[in-house]
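> Position chain U against the provided structure of chain C, taking the given hints into account.
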Amino acid sequence: MKQNELYTKENTTKASKSFQRRQFLSSSAGIVVMLSLGFIGAQSKTRKLLRPPGGQDEDAFIAKCIKCDRCRSVCHTSVIGVAPIEEGFINARTPVMKFHLGFCDFCNQCVEVCPTQALVPFDKQTVKIGIATLTDTCIALNYGGCTLCFEACEYKAIALDDQKRPIIDADKCNGCGVCEKICPALVLRSYIGGTLRGIEVRPIAKEAIV
Amino acid sequence: MKKIKASTLRTLTILAFVLLVIIGLAFHTGTGTLSAFGYKTFSAICPLGSLEAQLASKTFLPHILISLAVFVLITILLGRIFCAWACPVPLFRKWFPKNNPTINHVEKEIHASSEKTTQTVDSGYFVLGGALASSFIFGFPVFCLICPVGLTFAVLIGVWRLIQFNEPTWSLLAFPLILIVELALYRYSCRKFCPLGALISLVSRLNIFARPKIDQTKCMQTSKGVECKLCKSVCNEAIDLHETVHTSTLSRCTKCRDCADVCPMSAIKFPFLSQKNNKHI
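Read top to bottom, the protein sequences are chains C and U.
Residues 78 to 287, numbered by this note's numbering, are exactly what the first sequence covers, in order.
Residues -6 to 274, numbered by this note's numbering, are exactly what the second sequence covers, in order.
This is chain C alone, in the form it adopts within the complex (with noise of 0.2 Å):
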């Protein structure tokens, strides 16, 4: 009886003492699995991305931002979209700008709902998410006739020139992105294949933001 009692109780510290190896082990191994996850997360950033309004100083914005997806279900203009992963592991299912589907009004909505202020509140005569660009698909740069872009800017930021080719003021553009969304160099050159449109906002670079 006695015996038998030894043997279950150095049978006990045994296990107990294999479990509190096992249980260092694993301990350590979620410390490092999250420190290596975070290495491989900031690893993972690549080029700037298009933030919804308030969110443009990125390292701010990605600090804060923890995916929760209610800019993106607030938007009305459905401009608000989800990064996939192929834009970094640390950008996947943060919002981004998809002028393709909408435009910003600068309504506000998502900074309101915004709950880690990772979208900060902005002055709306001065908030720029990005800065309109033509590119080589422009229908006006290659062939003529086409002003749409010209048209639809509400804060006259795009002018043409002598030959009816716009020319955009960085100063006047706050990249709503409403050119992009109306630009139809992608319907009518369909040809041409590809995604980009004749005009493009495009992130401003960290240096260009005082």
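Please note: incorrect hints may appear among the correct ones.
Subject to a maximum C-alpha distance of 20 Å in a straight line, what follows is the list of computed SDA-like cross-link-like pairs (lysine to any residue) [to be verified]:
1) U:Lys51 with C:Leu237
2) U:Lys51 with C:Phe116
3) U:Lys211 with U:Glu236
Label-pair ranges, simulated between beta-carbon atoms [unchecked claim]:
4) C:Ser113 with U:Pro169: 20 to 30 Å
5) C:Tyr220 with U:Phe89: 26 to 36 Å
6) U:Ala126 with C:Tyr220: 56 to 66 Å
7) C:Asp182 with U:Thr34: 16 to 26 Å
8) C:Arg124 with U:Ala126: 20 to 30 Å
9) U:Pro264 with C:Asp182: 49 to 59 Å
10) C:Ser105 with U:Val65: 22 to 32 Å
It should be emphasised that the hints constitute simulated quantities derived from the structure, not laboratory data.
Yeah, the Cβ is synthetic: ideal placement off N, Cα and C, and Gly gets one too.
Same frame as chain C, now just chain U:
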């Protein structure tokens, strides 16, 4: 009328959250996902996500304190109720059966050791610590990258957008893959991996309401000496209500009510206020 099983009710509550997300997708309600459900400026933000975001940005967000206070209050009142009634992970659990002999071995060891040594610390706490530290170092909410709750909704949103906007992405393959790996790990027990569960467990030690309690006069084991153990075997957290129950052990209870359902004598109840005389064997 036949009583509805708790597992059915749980599926329904989880599906209700999924439905809210789908309504949000269809009507631009802005309700968000479980990471931050809300209406207008009010949101029930994920406590782990909010802590990570504050550490990553090195800023203090005072309005999040309100959310955290509500989270603490709910947890004090109802413990880890989120884990069983809102988290979508248990929905998939039945697809990942856990009849793995090595795991039974581990569970045995846990019990052998918990009898002998002092309380064991779940490795989920270390994942939690690692996630917070990593967020602070690398400057972004790290666990959100692989959070199974977030990824589940991301897949739902991805499929929706694929249909609505013809938007195929690799995310639709990558997210389910990450999820499958995680669910394969989580099937044994969420508490070994999930930092969110660990965070809730930390607070749920304060939970004193609606704790499971065995009616000793009804239980076959205590009143008739029959080796039943059904309640323990069905418990995903492997809580044995017959053992001297520590506060920390019961804090793992997710109030899933599977034990109450499985008990042939209906001896287990979840009284909102339990009597002071917590006399267990």
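> So, for every hint listed, does it hold in this structure?
Results for each hint:
1. U:Lys51 with C:Leu237: Judged against 20 Å, a Cα distance of about 47 Å means the pair is violated.
2. U:Lys51 with C:Phe116: 18 Å, holds
3. U:Lys211 with U:Glu236: 17 Å, holds
4. C:Ser113 with U:Pro169: 20 to 30 Å: About 22 Å separates the Cβ atoms of Ser113 (chain C) and Pro169 (chain U), which means 20 to 30 Å holds.
5. C:Tyr220 with U:Phe89: 26 to 36 Å: 59 Å, violated
6. U:Ala126 with C:Tyr220: 56 to 66 Å: Taking Cβ atoms as reference, Ala126 (chain U) and Tyr220 (chain C) lie about 58 Å apart, which means the hint holds.
7. C:Asp182 with U:Thr34: 16 to 26 Å: About 20 Å separates the Cβ atoms of Asp182 (chain C) and Thr34 (chain U), which means 16 to 26 Å holds.
8. C:Arg124 with U:Ala126: 20 to 30 Å: Given about 28 Å between the Cβ atoms, the range holds.
9. U:Pro264 with C:Asp182: 49 to 59 Å: The hint (49 to 59 Å, Cβ to Cβ) holds, given that Pro264 (chain U) and Asp182 (chain C) are roughly 54 Å apart.
10. C:Ser105 with U:Val65: 22 to 32 Å: For Ser105 (chain C) and Val65 (chain U) the Cβ distance comes to about 29 Å; the hint holds.
Going down the numbered hints, you'll see the structure goes against 1 and 5, while the others check out.
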